[in-house]
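2 protein chains.
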Amino acid sequence: MANLSQNQNVVDMKRARQLPTVDSKKLSIFLWGETEWEARQRILSILSNDPIFDKSRRPFLTRTQLYTRGLAMMSRIHELTEQHQWSASDAALAFKVLDEPLPIQLHMAAFEPVLKSQGSPELHAKYAALVAHRAILGCYLQTELAHGTNVAALETTATYLPATREFELHTPTPTAAKWWIGALGRTATHGVVQARLVLPSSRDAGPHLFFVQLRSLEDHRTLPGITVGDIGPKAMGGYAAVDNGFARFERVRIPKEQMLSAFAGVTDEGEYVRPPHAKLSYGGVEVRLSLALESATIAIRYATVRRQGTKGEDGLEQQVITYPSVYHRLLPILARAYVFILLGRNLSTAFTALLARLSTGDTSLLPAMHATTAGLKVLASTAAIADLETARRSMGGHGFSAFAGVGRLYADYVAAATYEGDNFVLDAQVVRAALKAFARAASSTPAQGAELAPNEAYLRWLTDPNPDAGVNAGHSVSTARWGNPRRVVEMLERRAACMVRERAAHAADPDASMDQRVARAVTDAFVAAQVDEVIDGLEGSVGGKEAVVLRKLYTLHLLTAVESGLTDVLSFGLLGEAGAAGDPSRGLRVAIKRLCEELLPEAIGLSDGFGFSDWELDSALGVYDGNAYETLYKMAELEPLNQSEIPDGYERYIKPMLERGQRLASAKL
Amino acid sequence: MANLSQNQNVVDMKRARQLPTVDSKKLSIFLWGETEWEARQRILSILSNDPIFDKSRRPFLTRTQLYTRGLAMMSRIHELTEQHQWSASDAALAFKVLDEPLPIQLHMAAFEPVLKSQGSPELHAKYAALVAHRAILGCYLQTELAHGTNVAALETTATYLPATREFELHTPTPTAAKWWIGALGRTATHGVVQARLVLPSSRDAGPHLFFVQLRSLEDHRTLPGITVGDIGPKAMGGYAAVDNGFARFERVRIPKEQMLSAFAGVTDEGEYVRPPHAKLSYGGVEVRLSLALESATIAIRYATVRRQGTKGEDGLEQQVITYPSVYHRLLPILARAYVFILLGRNLSTAFTALLARLSTGDTSLLPAMHATTAGLKVLASTAAIADLETARRSMGGHGFSAFAGVGRLYADYVAAATYEGDNFVLDAQVVRAALKAFARAASSTPAQGAELAPNEAYLRWLTDPNPDAGVNAGHSVSTARWGNPRRVVEMLERRAACMVRERAAHAADPDASMDQRVARAVTDAFVAAQVDEVIDGLEGSVGGKEAVVLRKLYTLHLLTAVESGLTDVLSFGLLGEAGAAGDPSRGLRVAIKRLCEELLPEAIGLSDGFGFSDWELDSALGVYDGNAYETLYKMAELEPLNQSEIPDGYERYIKPMLERGQRLASAKL
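Those sequence lines, one after another, are chains A and B.
To convert, note that position 628 of the first sequence is 628 in our numbering; the numbers rise steadily by one, no gaps.
To convert, note that position 47 of the second sequence is 47 in our numbering; the numbers rise steadily by one, no gaps.
If you are wondering where the hints come from, they were derived from the structure by calculation, not from laboratory data.
When chains are identical, the list treats them as one kind, so a pair holds in a single copy or across two.
Here are the computed lysine-lysine pairs in the DSSO-like style, where the Cα-Cα straight-line distance is at most 27 Å:
1. K311 - K436
2. K655 - K116
3. K55 - K655
4. K593 - K436
5. K552 - K25
6. K655 - K126
7. K655 - K96
8. K96 - K116
9. K96 - K55
10. K14 - K552
None of these values were measured; they are calculated from a predicted model.
Take these sequences, add in the hints, and give me the full structure.
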């Protein structure tokens, strides 16, 4: 295969890297910030050269082997943290650049934050350092066999016993078993358990949090009264290295101090002390988006070096990325990825502001934050899952190889649609918040319009003096009207306003999918307004040719948001009237095509901007130098079936069958 | 867990089985026909009681183990075929009821048919019996590393050598290696190879088929000049038991007789003998749809026994299937499944008719058949993939467990979007055929309208004297207009006609996704017309209460087809004008909701009608008696991680980390 190293794939990628006007390093710093970018490079160079983090055999390991390998990586990062004096955020970054979920992430993302935000000062004093240094390993036991998103219906109980100042944790029914708990199956030593607080008065105060030791720190055996186990493999091999587990508690007693009582507690006698705000126990939602960025990088690189179909003047077939049906699938994914990175940053900033307010007892920002994050979680997870699969399919047959690398990302990510709030349940919450805002806006005068929160700003169009401005704009084939981002944002906002008004009008009998459409419209409008701000700031934030290209990329996002909401846009006449003049959506669709054509030479530069190394991507089709086919060969060499010419089952199954067939065939002759 | 056997799940399922008015056995016979239904029961009872076909350990096996298990099942079915004197269709059914793809299926679905339809009488005489009785095991070598769907660009050559009357098979470049070939990696002894026929004149006659022995029948070793191997695991663990392989040929010689020469050949001297019709080498497309039926059964059963959310008067939470957001996802899947089963049967009939015509040399039906099957392949595979995932997500968190059973089906099925013709490439072929038909229709007089083939019938609306009948129909909230299937079919046909006309109008510059929308509209119209016929025939074919319910179910399919094509329908004003009167699509959406509500009590009966046994479904959530949670427990018990309390990595990784953490935490105190 020696001649493959000078092959067309590599030549094509070299050429493609000469086309972009953008500087990918500059984009990386724009996206991640200089500090994180540099920390990332530093950490990557350490991990990718350490054999513990080698990925070449991973596709062939059993789940037990993958779990053990995950423990090895966890322990190694802990060692490296001490050795290189990594900060907590460095260590977190080290886990983040690994492309697979590990049990320790439940400690970091759930156990530690919930203990920190809701534990009492006494609990902190005793455990904070142990938690921070991983002298104990935690998990977060919320979901039960029969209840997930609906936390209010959890069945596990924690009954307060004033005589001994203890809580008795109990699993009253088989369906009350904790289930799906990451790191519980075989790893965690401790956990925070959601259980219904039952007071001596027999009053049920609903779910509260309790800190519990699960396993001995001497020998890792499960403590008395607790039954734990792993719940088995996940769909499509996802989350293989995580020991999602179940647990049952048989009247397990814990001291009163182990209730997480920063905001709600029980007196020694068993009186309930009320939390100041019922929703205060709400945690953050972190949606892992890096997988969508990785798949975009892989798919764009492979589409660049893959040639198929019509031959050009050079006698070579066309590069696949030049086909409209391919770039129309991939470039909007790229645009979405750029949008979501910035949204993630904005959300972090907003969370920090929220936490500062909460610490002063001010909970006024909470409802808006809840509605916004619910909507963004649905939008981002839905889009990222769809984009992963779109990217995979864009690669044709080879996309179905494990070595393409995208199937693995999909299997790990697809659960995001149903965990941390099922998307359909969250949609209903977004709609409830939107209807409240609508009722307020509808009953206020235009002068009061300023009271709309940022996530409700789209409702200002309801009181717009010229509400049908969009309607009469005509729909010639001219694509000019689509070149102004502000007008596109306005259309997305008008759509949201119309949808919410329509939902309110049919409050008694909404159709069966209306909440999904309304929630989507509201969230699209919120995102669009943020994208508009980003576009406005591009000159200052990145400048130069990058600003020019990014303006196009972000505009592409806005246009495709309208495109995917076209049914609503048309339903409310926001594109003008349909009919004899032909399809009124054509102008939009042609504008998208033109913008894609302009962005095409930048695609490799824009995806290089994410800054993934080959070790991170672990994809034959997405290698940096474009050498996809040779890499496929090399990866296939390691397949266990290839280690012996004659397969195990030959003597026992194949040979007897061929001989039987021979006998049967001869008998017929 | 003893009390789980009398649990609410089981009670709920018993009650749900009392609601339907339909008789599920009668539906089974309507769907599958009495003969196949009975054969199926006979075969199922044999397989499901044979330990070779046990599935309980399957989720924990490595790919090599799954491959070997596949060989064992293949050999066992071969034994059983002889033992029970199964017919060829019985044996095929035995493989069909297995819920996983096996190497032998390439022998049955590709190797044997292509040899039968294109081999010369001499080749038949020599090999037909050996192939039929599996004295040799075949594969079909078409796809190469760098070329798939675009068969014309394959690189492998078969050069004719008149001196020895041989062909020399050769792999001229690394990218010409055959790749993805099912059963090639370790199983097949023979293969049919697609290779460019090169004549002594150096003329390249394009791809033709050649019969080649790959492995020794003595010891299964690869024959000289041939390099084969397995290409490695597939995405998400799909097709694990199939040894998709690669092969390179180093000037391998085969006798002239091994060219498949029923329709094209070479004289002894090396002159080309032309095929009568260039497309004659087109094979059938068989899209496995049983997976979509299985997932629908599983999801509907679990939604019936899963309770979540609002409590009713009986103090129990609501059954999940009663939520609009759930039934609106699941019932259309059920409807689609019923539609596709009948389409599959119609397609078989049409294929038989086609083959009869072809055998007389009449190729006139071929182009229409090609366009129809291309469109149906895209529609059916796209819908089935989406439906599998929709069903999986409808089950909430537990849908992500491997024990739900749907993830496995998805991983095996999702490749259908890219194999046997990438869906995007097929769309373009459907559009080409539609544009041809449009050009013909546009240039003909209304009196000539009868010349439209069934797959072009929708074009009659172009010459309809009242083309805007749909436009002025108004869009009151009344759902009455949606109760007449014929009018819904008409709307789908008008949509297709408008789309094709629009595509023709922009032939020079279609937007980037237009071909997908046009192909979809054309195929939807074709399917709708067939559904219309089925509805008309229900009284005669099934009758009774089943006819009443199925009429509703098939109507639901038509309505949801309009719903998913709403953007087009609105673009062409087929629903009336948008604007102040509110959303014109509301009538349709409410009609869908009402129809779903009427069908809800029938859901279990309709899904029971598919007739799957628990062994076939292999799903904890979809067990017949509804006992989902207890089954989840039982399946988790077998998880290898649960076989030892302390995991393998404890001493090596967990313990040292906890101790290190203890040291670090102490140092800080």
